[in-house]
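Enquirer: Letter by letter, the chains look like this.
2 protein chains.
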Amino acid sequence: MKRLITILTTVLCIAGISATAQVKEDFVPAPNVQAGKQYPQVNSERCVRVRVVAPEAKSVKLDIGGVKYDLRKDAEGVWIGESAPQDEGFHYYQLNIDGADVPDPSSLYYYGASRWGSGVDVPAADQDFYAVKNVPQGQMREIYYWSEVNQAMRHCFVYTPAEYDLNPTKRYPVLYLQHGGGEDEHGWPQQGHTAQIMDNLLAEGKAVPFIIVMDNGSWTMPRPAAPAPAAAPAPQAQRPQAPQGQRPQGGGFAMPANWADGIANTFIKDLIPMIDSRFRTIPDAAHRAMAGLSMGGMQTKSITVAHPEVFSSLGIFSGGTITVDDTKNNPEFARTLKLVFVSFGSRELENRAPGFGDGTDPREETEALKASGVDAHFYVSPGTAHEWQSWRRALYQFAQLLFR
Amino acid sequence: MKRLITILTTVLCIAGISATAQVKEDFVPAPNVQAGKQYPQVNSERCVRVRVVAPEAKSVKLDIGGVKYDLRKDAEGVWIGESAPQDEGFHYYQLNIDGADVPDPSSLYYYGASRWGSGVDVPAADQDFYAVKNVPQGQMREIYYWSEVNQAMRHCFVYTPAEYDLNPTKRYPVLYLQHGGGEDEHGWPQQGHTAQIMDNLLAEGKAVPFIIVMDNGSWTMPRPAAPAPAAAPAPQAQRPQAPQGQRPQGGGFAMPANWADGIANTFIKDLIPMIDSRFRTIPDAAHRAMAGLSMGGMQTKSITVAHPEVFSSLGIFSGGTITVDDTKNNPEFARTLKLVFVSFGSRELENRAPGFGDGTDPREETEALKASGVDAHFYVSPGTAHEWQSWRRALYQFAQLLFR
Numbered sequence: 021m022k023r024l025i026t027i028l029t030t031v032l033c034i035a036g037i038s039a040t041a042q043v044k045e046d047f048v049p050a051p052n053v054q055a056g057k058q059y060p061q062v063n064s065e066r067c068v069r070v071r072v073v074a075p076e077a078k079s080v081k082l083d084i085g086g087v088k089y090d091l092r093k094d095a096e097g098v099w100i101g102e103s104a105p106q107d108e109g110f111h112y113y114q115l116n117i118d119g120a121d122v123p124d125p126s127s128l129y130y131y132g133a134s135r136w137g138s139g140v141d142v143p144a145a146d147q148d149f150y151a152v153k154n155v156p157q158g159q160m161r162e163i164y165y166w167s168e169v170n171q172a173m174r175h176c177f178v179y180t181p182a183e184y185d186l187n188p189t190k191r192y193p194v195l196y197l198q199h200g201g202g203e204d205e206h207g208w209p210q211q212g213h214t215a216q217i218m219d220n221l222l223a224e225g226k227a228v229p230f231i232i233v234m235d236n237g238s239w240t241m242p243r244p245a246a247p248a249p250a251a252a253p254a255p256q257a258q259r260p261q262a263p264q265g266q267r268p269q270g271g272g273f274a275m276p277a278n279w280a281d282g283i284a285n286t287f288i289k290d291l292i293p294m295i296d297s298r299f300r301t302i303p304d305a306a307h308r309a310m311a312g313l314s315m316g317g318m319q320t321k322s323i324t325v326a327h328p329e330v331f332s333s334l335g336i337f338s339g340g341t342i343t344v345d346d347t348k349n350n351p352e353f354a355r356t357l358k359l360v361f362v363s364f365g366s367r368e369l370e371n372r373a374p375g376f377g378d379g380t381d382p383r384e385e386t387e388a389l390k391a392s393g394v395d396a397h398f399y400v401s402p403g404t405a406h407e408w409q410s411w412r413r414a415l416y417q418f419a420q421l422l423f424r
Numbered sequence: 021m022k023r024l025i026t027i028l029t030t031v032l033c034i035a036g037i038s039a040t041a042q043v044k045e046d047f048v049p050a051p052n053v054q055a056g057k058q059y060p061q062v063n064s065e066r067c068v069r070v071r072v073v074a075p076e077a078k079s080v081k082l083d084i085g086g087v088k089y090d091l092r093k094d095a096e097g098v099w100i101g102e103s104a105p106q107d108e109g110f111h112y113y114q115l116n117i118d119g120a121d122v123p124d125p126s127s128l129y130y131y132g133a134s135r136w137g138s139g140v141d142v143p144a145a146d147q148d149f150y151a152v153k154n155v156p157q158g159q160m161r162e163i164y165y166w167s168e169v170n171q172a173m174r175h176c177f178v179y180t181p182a183e184y185d186l187n188p189t190k191r192y193p194v195l196y197l198q199h200g201g202g203e204d205e206h207g208w209p210q211q212g213h214t215a216q217i218m219d220n221l222l223a224e225g226k227a228v229p230f231i232i233v234m235d236n237g238s239w240t241m242p243r244p245a246a247p248a249p250a251a252a253p254a255p256q257a258q259r260p261q262a263p264q265g266q267r268p269q270g271g272g273f274a275m276p277a278n279w280a281d282g283i284a285n286t287f288i289k290d291l292i293p294m295i296d297s298r299f300r301t302i303p304d305a306a307h308r309a310m311a312g313l314s315m316g317g318m319q320t321k322s323i324t325v326a327h328p329e330v331f332s333s334l335g336i337f338s339g340g341t342i343t344v345d346d347t348k349n350n351p352e353f354a355r356t357l358k359l360v361f362v363s364f365g366s367r368e369l370e371n372r373a374p375g376f377g378d379g380t381d382p383r384e385e386t387e388a389l390k391a392s393g394v395d396a397h398f399y400v401s402p403g404t405a406h407e408w409q410s411w412r413r414a415l416y417q418f419a420q421l422l423f424r
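Chains as they are written, first to last, in this note's numbering: chain X, 21 to 424; chain Z, 21 to 424.
Hints are computed from structural coordinates only; laboratory data are not their basis. Watch out, some of these pointers could steer you wrong.
Identical copies go unnamed one by one, so any copy, or any two together, can satisfy a pair.
To be verified - Computed cross-link-like contacts, DSBU-like style, restricted to lysine-lysine with a CA-CA straight-line distance of at most 30 Å:
hint, residue 1, residue 2
1, Lys-153, Lys-289
2, Lys-57, Lys-88
3, Lys-81, Lys-44
4, Lys-78, Lys-57
5, Lys-348, Lys-358
6, Lys-44, Lys-88
7, Lys-190, Lys-226
Could you put together the complete structure from these sequences and hints?
Expert: This is the structure in C-alpha cells:
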C-alpha cells in the first residue's frame, strides 16, 4: 500500500511538471533556503520546487536525484518546476540553464559530488533530532594544522560539547568522523548537523559527552608550484598551505592510489597527536573511536583493523561491514575491540546500492560478529538511500552507544 | 604615471574581451578556486578570467565591480572572458547566462550583496598578512545562542587565540567585530580572514591576544509561522531558531527601522552576557572594544557612543567618523574613551564613495579628535575602495593598537 501511494505521488508530481494543477499546492520554503529567499520549496509529497529568473533562456532544468526535470517559463521569464518525490532529508542538486550546470542562486551551498553546489533539505518526520534548539550549545571549531605527512597545512573541524569549557580539567574521549567520496570535512558539520545531533542527545542525557574530529579524507601530495603573476606574490606561496578563508580545497575521490596508507599516516602521525595536544582528550585506544560514511567507512575499517593500538570502537555507515574473518585474521584487533556499529539506508539494502560493501549480507555478517562475542550493532535507516538522512540517523544511533 | 599605467592596462584587458592576444597571458587560478577547479583566474594586470560550459547559451557575461563583460564562446560551447583590472583583494561577482544571474560553478561562495554568491580573491602585494601559515593556530568557533530580544536562536563566530586553551585560567579582552550591509556573520571569518590575520600578528608579537566575536548585524523579529506540509513537522518549528547547518540566514540590509536599538539591545542584553559566561573574558568596558565595516561601523558608533559603560575602544572601517562634537555631546563617552580608529580605502576618499560618512573630511575630523586629547588613529588603505582588502588591512592595523 505504501508502495502504491509512493507510485501515485510520483505520478502526481511528474504530471505536475506539465500541469501545476495536479501537484499538491502546499509548498513551503525548504528549511535551508538563503536569507530572504523563498525557494527551493518542498510540498507534503516531498516534491522539490525551484524557481529561477532566466528571461532569454531556451531551456531550464532541475537536476536532482539523477533525474532532470523540465521547468516551465512564464510571461515574465520566470522558470518554475518540480521534481518527483524525494526521500526525507538532504539532497544535492543543480540547475541546467541552456546546457550550463550551475548552482541554484537561491539555495545554500554544500561540498559534495566533488564541487560546492546546491542542496535542499526535505523536512523529515524525525527532523527534530538534528534541529537547532535552545539547549546547552557545544561549539564547532575550525582548526588548521601542519601535516608532516602531507607537507601542507590541513584543515578540520572539532566539535566540543557544551560542558567542555565549563570543566577546565576534565578529559574526554574522541570520535574521528569521516565524510564520503566527493565530499570533504565540511560534510559532517553542514549536511550532517553533527553539533545539533550531539547537543540534542546530550541535553536529553542519551549520550556521554565526547569530542568529535572531522577531517578531510583525502591525502594530497604538496601541489607543484604554479607560474606566478609578476605583480604579486605567487599564489603557490599559499598553495602548500590550506587555501585562504573558510573553504579549504576538499579532497573527494581525487586521491593517490595509496590513499589508504596516506590517510592512516596522516591520522596517526599528524592529526591525532595534534588533537591530543590541543584538546583535553583521554589519549588512549580505549577512549578513541573512528567512524565514517561510504568511502569514510572503508577508511575506518582499513585504519581501525590495522591499528588496534589507536582505536577500539568503530562505525561504518553505508560503507561495508566488519566480518568474523576480520577478527579471526587480526587477533590484536579482536582482543581490544569494544564496539562495532554498521548501518545502511533501507533502500541500499533493497537495491544493493553503491557503498553496500563486499556483496555479503551486512546484517548477517554483523549478527555473526555479535554471535562471536563482539558488541556489534546493525542499524537500518527507514526509507532512505545512500544519502545524508541515513548518516544523520546513523550518527544519532551510534553516538548513544559510544564510550559507555 | 601610475594612473596612466592603470588606464593602459584597462584598455588592454577590455581589448582582451574581443581579442585574447591583447590580454597578458599569465593567468593563474585565483587563491580561492574550488578543489580541482582552474577558474576563476587572475593575471599580473589583475584582470579576472572566468570559464563556463554553456553550449546552448546565446549570451554569457561576467558581472564584477558593477560592470558586465561579454564572454566568448568556442566551438565546444565553452565560454571564456576577462574583466578590466580589479583592485587587489576580494571581489563579489556572478555570471549572467541568457539573462539568469547565477553563481560561477567553479568559484567558492560567500555571503554578500544579500546573497550567497561567487567571490574571487585578486592576489595582493601584501597578501602574506592574511595567508594561512604554519604558526600557532587560533580557533574559529561557531556558536548558537538564545536571544530574548529576538526571541530566536542566533548564530555567531568567536575567534580564540592559540594560547587560549593552553592558559586555562587566563582571561582575555574582547573585540566585537561587525560586517557590512548585505553581509552577515560569515563575512569576517571568510572574506576577512580574521583568524589568519590575528594568528600571524600574534606569531610576530605585533598584537596582544584577545577574543573576537563576529555576530550578525541584523535584528530580526521572530518570523511568522508558515503553513506546514502535512507529511512532516512544520518547518517553522525551526524557523524561530537558527536554520539548520552551518549557514544560518544572514541579515544584510533587511532590518526594521529601529534596527539600531534592536542591535544595541541584542548585544547588551543577550550577546555580551553569553560571551562573558561561555568564555574567559575580562568583563568590563576597559577590556571591551567594538568595530565594524560600513554599516557595521555606523552600528559601532551608535552603540559605543551611547554605551560607554560597555565599550571603551572602537574602530570604524569605511563607515563614518567620530568627531570632537561626539565627545563634547557625550561627556561620559569622552571620559572613558581609550582608543578611536578610523579607516577608509584610498579610492573612497578620492571618490566620496558610499560609507564615506556624513560628508565631513574624516581625516580632519580624526586629527581634530586627536588634537583634543583622544588616542585617535586614521588609516588609509592604498589603492582600494569600499571592499574587503580595505577592511582586512584596517583590522591588521587596528588589532596592533588594541588593548595596549
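Enquirer: It remains to establish, for every hint, whether it holds in the given structure.
Expert: Okay, the hints, checked on the actual structure:
| no. | hint | result |
| --- | --- | --- |
| 1 | Lys-153 with Lys-289 | between (37 Å within a copy, 20 Å between copies) |
| 2 | Lys-57 with Lys-88 | both (23 Å within a copy, 24 Å between copies) |
| 3 | Lys-81 with Lys-44 | within (20 Å within a copy, 37 Å between copies) |
| 4 | Lys-78 with Lys-57 | both (24 Å within a copy, 27 Å between copies) |
| 5 | Lys-348 with Lys-358 | within (15 Å within a copy, 70 Å between copies) |
| 6 | Lys-44 with Lys-88 | within (20 Å within a copy, 40 Å between copies) |
| 7 | Lys-190 with Lys-226 | within (20 Å within a copy, 33 Å between copies) |
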